[in-house]
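Generate coordinates for the entire structure from the input sequences, incorporating the hints supplied.
These protein sequences, in sequence, are chains A and B.
Position one of the first sequence corresponds to residue 1 (this note's numbering), numbered consecutively onward.
Position one of the second sequence corresponds to residue 1 (this note's numbering), numbered consecutively onward.
I should point out that these hints are in silico values taken from the structure, not numbers from a laboratory.
Be aware that one or more of the hints could be misleading.
Repeated chains share a single entry, so a pair holds when one copy, or any two copies, can fit it.
Each computed BS3-like pair below joins lysine-lysine, with the alpha-carbon atoms no more than 25 angstroms apart [as the list claims (entries may be wrong)]:
#1 Lys-16 x Lys-31
#2 Lys-67 x Lys-127
#3 Lys-133 x Lys-119
#4 Lys-16 x Lys-119
#5 Lys-64 x Lys-31
#6 Lys-114 x Lys-67
#7 Lys-119 x Lys-4
#8 Lys-115 x Lys-132
Quantities reported herein were computed from a predicted structural model and do not represent experimental measurements.
2 protein chains.
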Amino acid sequence: MATKQNIEEGSEFTPKFDDNGLIPAIAQDAKTGEVLMAAYMNRAALDLTIQTGYATYFSRARQKLWKKGEESGHVQKVEQILVDCDQDCLVLKVTVDAGQCHVGYQSCFYRALKKGTSKELEFIAEKVYNPKKIYKK
Amino acid sequence: MATKQNIEEGSEFTPKFDDNGLIPAIAQDAKTGEVLMAAYMNRAALDLTIQTGYATYFSRARQKLWKKGEESGHVQKVEQILVDCDQDCLVLKVTVDAGQCHVGYQSCFYRALKKGTSKELEFIAEKVYNPKKIYKK
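Have a look at this one:
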């Protein structure tokens with residue numbers, strides 16, 4: 001059993017999966033630092049990511065392994081996997097091409113809450129590709 | 001009821017809280033782009049964050065609102081709140097002082113999986129403060 005001390009200060013990778021067997025994983029552009037997306041991994045997805053060097057997540061909607069880019073071609077080459085203090089969240093530093101979000105933007109975080117409002121979003125990015133051309137199904 | 005189209009392409013902020021009433025929130029240094037931590041917010045935490053301009057989370061361990069820095073003094077001034085395509089994850093661009101992680105590092109992500117291994121972490125940062133001096137309880 002890993003102690004708090006070991007988990008936080010140790011050098012053994014003991015990722016903590018939640019009650020559903022998932023750990024959140026944040027993909028960050030290794031070059032620009034832009035946060036591209038956040039998703040979840042189960043043990044198998046994490047193992048595949050480590051083994052192949054390309055990000056594989058677990059789709060909660062489809063309840064299956066999901067290699068990022070398997071349909072769109074927009075894969076994520078994993079340069080580094082970071083883990084946080086309590087080892088219940090991962091950051092993946094990834095190298096990517098243009099268009100990581102299925103809506104057409106480079107990042108899924110293409111909108112920001114407008115200053116002084118609590119309900120209004122403003123778009124802070126432009127689309128970088130046409131998803132209709134890529135997702136044919 | 002918000003449609004997928006509205007959620008993804010619209011300008012209404014309709015954050016989606018999970019079955020536990022929580023939404024993940026990633027704090028990113030507004031200047032450097034470094035991912036500092038990942039935590040959760042409930043509706044009240046998000047409202048307080050928007051109203052006060054300082055990050056408030058919901059501590060799952062303590063089951064209560066947690067203003068970041070209430071004990072350590074290491075608050076997060078929120079410059080911008082981003083939301084992702086399906087509005088179930090937030091990125092907070094924050095301005096911070098030194099030492100965001102309770103272990104003593106600037107970021108909670110101070111370790112990375114060593115290349116070619118699946119279980120060994122290497123430290124990629126140095127401590128920036130002594131947590132024993134700050135957390136007196």
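Review point. Which numbered hints does this structure break?
Key: Numbers 1, 3, 5, 8, in rising order.
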